[in-house]
Amino acid sequence: MEAVPARVRAYVTCVALAALLCLLPLPDVRAPWWAVALLAALYAACEHAVRRRLGGTFYPVLLAGAFLLPPPAAALVPLPGALLAPAGQRPQALRRTWRAAELALAVWSAGRVHWALGGREAVVDSDFPYALLPCAAAVLAFSAVLALLDGGILAVAERVPARRAWRGLLSRSLAPVGVHGLAGLMMAVLWRSPYGPVAALLVLLPMCVSWWMFAQYHRERAAHQATIRALVQAVDIKDGYTRGHSERVGQASVMIARELGMDDDRVEVLRFAGILHDVGKLGVPTRLLRKNGPLTPEERRIIELHPEYGHEMVRGISFLGEARAAILHHHERIDGSGYPYGLVGSQIPESARVVAVADAFDAMTSTRSYSRARPVAAAVAELRRCAGRHFDAGIVDALARALARHGWHPAVTADVPSAGAPVTGRPQGDRAGAGRGTP
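Just so we're aligned: 238 in the working numbering is position 238 of the sequence shown, and the numbers increase by one with no gaps anywhere.
Rather than coming from a laboratory, the hints here were simulated on the basis of the structure. All residues carry an ideal CB built from backbone N, CA and C; glycine is no exception. Keep in mind that the hints are not guaranteed to be accurate.
Claimed, not checked - Beta-carbon label-pair distances, calculated as ranges:
hint	residue 1	residue 2	range
1	Thr296	Asp265	41 to 47 Å
2	Pro285	Leu182	52 to 58 Å
3	Trp34	Leu182	32 to 38 Å
4	Glu158	Leu83	23 to 29 Å
5	Gly342	Ala378	27 to 33 Å
6	Ala234	Ala41	26 to 32 Å
7	Leu182	Gln233	40 to 46 Å
8	Gly178	Arg315	29 to 35 Å
Can you make the complete structure from the sequences, with help from the hints?
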C-alpha cells in the first residue's frame, strides 16, 4: 500500500465512497434477497472460471441483476466475486476494492437507466421488441461508467494525458458488453418465466461455447506472437550489427502512430510492422549483411529483395493486417525512387510511410559498423531535409512532436564498431539503402 501514490489512493477512495452511496437505500429496498445471493454466487463462480481461463471478466450475470433487481440490490451482485477474486499484483486489497467499487457503480447505473425506461415491466411481461430499448440504454450506461472510471485511473495512476486516457475505451467495449447485455436480458426474461432461475442458467451454455472460441483465438494469437519474437531474434542473430533495431523501430512507429491519433488497434499493428520490417533479411546471405566494404550492384540488388521476402514470410499471419504492406513497402520513397515497386506519394501505404521514418530515425541514432550514432536533434533535422522527397513530411513532423514531448529512450543493444569504422553523412534504413543515396 505504501508504494501506491496518494493520488491513486484518493481516487479509489472516492470511487468506493460513491459505490457506498449507491448502497445506502438498501434498508428500504424490497428485493428478493435469495435472488441477490444466488446471482452473486453465480457471478463469483463464473468470474473465477473466466479469469482463470482467459484473464477476462464476465458481465451477463451482472446485467441480468440490473434487469431483475432494484438498482441498490443489483449493485450488491458483483461485490463477493470482485472482493474474493485473485488480485494479481500488489496491493491486493486496494485492487479488489477498486474492482468491486467500479462494478457496483456500473451495475447501479445500468439498473437505474433500465428501470427509468420501464425495463422492469418489459422483462416481466416479455414485451419484445420494446424490452430491447431499455436493455440497450442500460448496456450503454454500464459501458460508459466503466470507460469513465478506467480512463480516470489511467490518467491518475499512470499520468496518461486525458486525451489518450479515455480515447477508444467506450467504443471498444460496446460490442462485447452488448453481447453480454443480450445474454443478461435472456437470463432475466427466463428468470421471470414460469420455468424460473433454472431455465435462466441455460443461457450460460452458449456463452461457454463463445468463451471457448475466444480462448482458442487467444491461443492462436499467442502462438503468432511467439513466432514473431522468434523471427526477430533470428534476424538479430543473423545481422548482429543491427541488434535491437527492430524493437526500436517498433517503439518509434508507436510514437508516430499515437501522435497521428490512430486508435489503439492500429497502433498495435504499427508496432508489429516496425518490429518485423526487416524479417526478410532471413532470406539474404549472411555474408552480405555482415560485409564491411561497399556492396557491388549485384549484392545490392540481392539485399533489396528483403522486403519481398519479408512480406512472403508473414502474409499468412492474418492479424498483422496492414503491417504486411508496411513490411513490403517500407523502402519506397515519396518521389518514387524507392523499392521494390517505385511507388509515389500516397500510393505508398500509410503504415509503410510511418515505418520508413522510424527505420531511418533509428538508423541515424544508432551506432553501426558503417555509421556512428547522431544526436536526436541532428537526425530529426536530416529527416526534415529529406521530407517531401524521401519521407512523408506529415509523418516526420509527427515524430518530431512525439520526440519533443516524450524524448527518445531506446534500449542500448547495438554493437559498438571499431575505431576505424566509416561515418556516413546520410541516414540509412539498412545496408540496402547505402548504395542508393539514402536516406
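Now the hints, each set against the structure:
The hinted window of 41 to 47 Å between Thr296 and Asp265 holds, with their beta carbons roughly 43 Å apart. The hinted window of 52 to 58 Å between Pro285 and Leu182 holds, with their beta carbons roughly 57 Å apart. Between Trp34 and Leu182 the CB atoms are about 25 Å apart, so this pair departs from the stated range of 32 to 38 Å. Our hint of 23 to 29 Å for Glu158 and Leu83 holds, since their Cβ atoms are close to 24 Å apart.
Separated by about 29 Å at the C-beta atoms, Gly342 and Ala378 satisfy the suggested range of 27 to 33 Å. As the Cβ distance of Ala234 to Ala41 is approximately 50 Å, the hint placing it in 26 to 32 Å is violated. For Leu182 and Gln233, the Cβ-Cβ distance of about 44 Å falls inside the hinted range of 40 to 46 Å, so the restraint holds. Separation of Gly178 from Arg315 is about 33 Å and conforms to the stated range, judged on CB atoms against 29 to 35 Å.
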